[in-house]
Amino acid sequence: MAVVANYDYDWPSRSAAEFYGDDQLIHVWWNGNVFFVSAQTFRFPKAMPFGALVNEVLKGFYTADPDFVPDSLDSAKWKIDGVAVTPDMGASLEANGVGHKSLVEFSL
Amino acid sequence: MSVAAEPRPVGVDLQENEENRALVEAIEADNDDLNIRHMPGMIRLTKTGRLVINQASVEARLGRPWETHEFQMAIISYFGEFVEWDDDQIVIAWNH
Amino acid sequence: MTVPAQKPARKLSMKQRYTALTHDLDWTPTYVTEDEIYPYTKFEGIKVHDWSKWEDPFRLTVEAYNKYQAEKDRRLYAVLDGFAQSQGQLGLTEARYMNAMKIFIQGIPIHEYDAHRMFSNCARYLNGPGARFAALCQSMDELRHAQTEIHTLSHYNKFFDGMHDWHKWSDRVWYLSVPKSFFEDAMTAGPFEWLIAIGFSFEYLLTNLLFVPFMSGAAFNGDLPTMTFGFSAQSDESRHMTLGLEAIKFMLEQDEDNLPIVQNWLDKWFWRGYRLIALVAGMMDYMLPKRVMSWKEAFELYFEEQMLNGLFKDLEYYGIKPPRDVQWAIDEKEILSHQVYWVLYQYSHAAAFQTTIPNEEDQKWLMEAYPETWPVFKSVVWDRAQRVMDAGGRYFNPGLPQLCTVCQIPMGFTEPGNPLQQCQRQSVYEGERYDFCSDGCQTIFDNEPVKYRQSWLPVHQIFQGNCGGPTLPDVAQWYGLQPGDGAEYLGSPDNLNWLAWHGQAVKEA
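Residue numbers (this note's numbering), protein chains in the order written: chain A, 354 to 461; chain B, 867 to 962; chain C, 77 to 585.
Read the hints as simulated data drawn from the structure, not as lab findings.
Cβ coordinates follow ideal geometry from the N, Cα and C atoms, glycine included.
Any given hint could be a false lead.
Listed below are the simulated BS3-like cross-link pairs for lysine-lysine, each with C-alpha atoms no more than 30 Å apart in a straight line [to be verified]: (1) A/Lys399 to C/Lys234; (2) A/Lys430 to C/Lys256; (3) C/Lys454 to A/Lys412; (4) C/Lys148 to C/Lys256.
Covered stretches of chain A (chain C as the covering partner; in silico rule of three or more C-beta atoms under 8 Å from a C-beta of chain C) [stated by the list, open to error]: (5) 384-395; (6) 423-433; (7) 440-449.
Extracted from the complex, chain A is given alone in its bound form:
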């Protein structure tokens, strides 16, 4: 729907992919644990391996929750943008279908 304006109204996004170069924003969501009140937004290289996200970032990140067991992430169920997937840990985020501002969801 067009914005009603008294001129030709067209303005770009302030968070378009081009502002992040070879990186992108991703939202990581632990569905089922509101101790983290919302999903978390990160900026990572598109080429970052999915396994690095899990093992080098998330396993440490979520220890802010005293009940979190890092290795439980090894058996997490994943969804990317609402679609259930089994991520290829060796492949990049991009190759796994994670795009700019994609929602990377897991449940334990």
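Assemble chains B and C onto chain A, guided by the hints.
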């Protein structure tokens, strides 16, 4: 299609202070079935249908000249509409 | 012999005076067209046939306006002086109450000033003299509100952290993008949408949900200045409510074709305003040592009872329906404050206010106010946060939250009926993804994507390097935060000072 809605509450919240005593007394005297509720620093006056504030009634109780414009100093909030605001009277009601 | 004093009869009645000094000062231009003088009142598609039908029941003139506004100011400043002279800040219930007023000074005065500017714009660019004069009065009111809020709270700035750079924070700090984007959204719309967005939706529909919690909270917690400011401003607010109601009725009465436009704006701005005042819900249930009423109670009284069952029955006459997403708001009333404060608690290390775990007395009140939902939040989040404290730590979220593109709040809101499942909505527009906290925000985006893709989302801007640097200390410096402004209340300078002023020893940790 418009159907006249049944009478609904209207009301006004006034600052509770010395000056407004006379105002509240006047409103009480001039409105049947008025509901008065005290809350911190304010008085809530409600009734069904129409709430009337009469200039002469307020002035008589206050003991000094009072114009209806001065009602603004007392009011905190209201619900309903100001269907009339003249030199002699203010009326709060719903139009529909 | 004395003659009883008689008041000289006024030459004109109130109605005649008002008409003579407002409407009758207007004239029909002969050498320019009406459209040239008023170029902004057609493009929104609102049809007006007769501007003289705009009614203002208050019938103020400049003389009456100045007389009464000056008197309100005199009374307020007398109280502010008295409070300062008597060291009234020592009589607050507790220093942590000030966090509510930190949010107030950071989130409100600058936007009162925004409202002043836009109503000033309306005072020039609305075609009808009655509408222009009402807008002029409101513009001056909003400026007075900005000034009096700043003056009222300036006293506390001498004694408490988290207030010193409210102006800079209003522009930069993440949670303050919520009110900033709200007002800028409304200001960049046209005059008729502004009147529905702010004049009606904010100043009539939602106003009591903003002001009563702050002002009653002030009254209950020993904050005489804020309470007095509140009463001083509220008398102006009754004129604002009247302007807002007149605006919507005028548009609906001028032409039937205006109905769908007005309904759409009502739907949009109810939701935008409702999400904005979620911050108030968190404040009133969690930041006041002595509470007045719960968010749930306030919502039931000031919105459901007074608005849905009062005002909307009146508007039915025109074909207006209650806002599209109102049921979602009603469903949220049991959980909204818990979710908002949980956001604030885990991110206050990056904020200019402090948070703390509800103490025993707080928890007792929360249990009484929310017998069904408080136990859930207590067991799922607060007991865990307490365990972190007991182990010598303090839970702060180690990252940055996902923000809703429209309301800009961290997406901690949940699906209706499932308070432990955060709501995720996503739209793709011209190949780019956008995220939303609710159906309400998503619909607003989908209706005007080119407007809302311009959102300056603090988290995204931090990641683009536009907020001072990549680390939290870099961002805090860019924000202008100083030690003591945020993070945990217990053990903070505000807390320790309070104890010292009252001759109390610091408890062993």
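Inset, instruction - Check, residue by residue, whether the segment 384-395 of chain A contains three or more positions whose beta-carbon lies closer than 8 Å to a beta-carbon of chain C, and give the verdict. - result: It holds, with 11 qualifying residues against the three required.
Inset, instruction - Would you check the hint for A/Lys399 and C/Lys234, treating anything up to 30 Å between C-alpha atoms as holding? - result: violated, 49 Å
Legend entry - 8 Å C-beta criterion, at least three residues: is the segment 423-433 of chain A covered by chain C: Since 0 is below three, the answer is violated.
Inset, instruction - For the pair we were handed, C/Lys148 and C/Lys256, check the Cα-Cα distance against 30 Å. - result: Given pair C/Lys148, C/Lys256 holds - Cα atoms ~28 Å apart, limit 30 Å.
Inset, instruction - With a cut-off of 30 Å on the C-alpha distance, tell me whether C/Lys454 and A/Lys412 pass. - result: OK: C/Lys454 and A/Lys412 at ~25 Å, within 30 Å.
Legend entry - Given pair status - C/Lys256, A/Lys430, alpha carbons within 30 Å: violated, 38 Å
Legend entry - Coverage claim, chain C over the segment 440-449 of chain A, checked by counting residues with Cβ within 8 Å (three needed): As far as the segment 440-449 of chain A goes, the hint is violated, because 0 residues have Cβ atoms under 8 Å from chain C.
Hints 1, 2, 6 and 7 from the earlier list are contradicted by this structure; the remaining hints agree with it.
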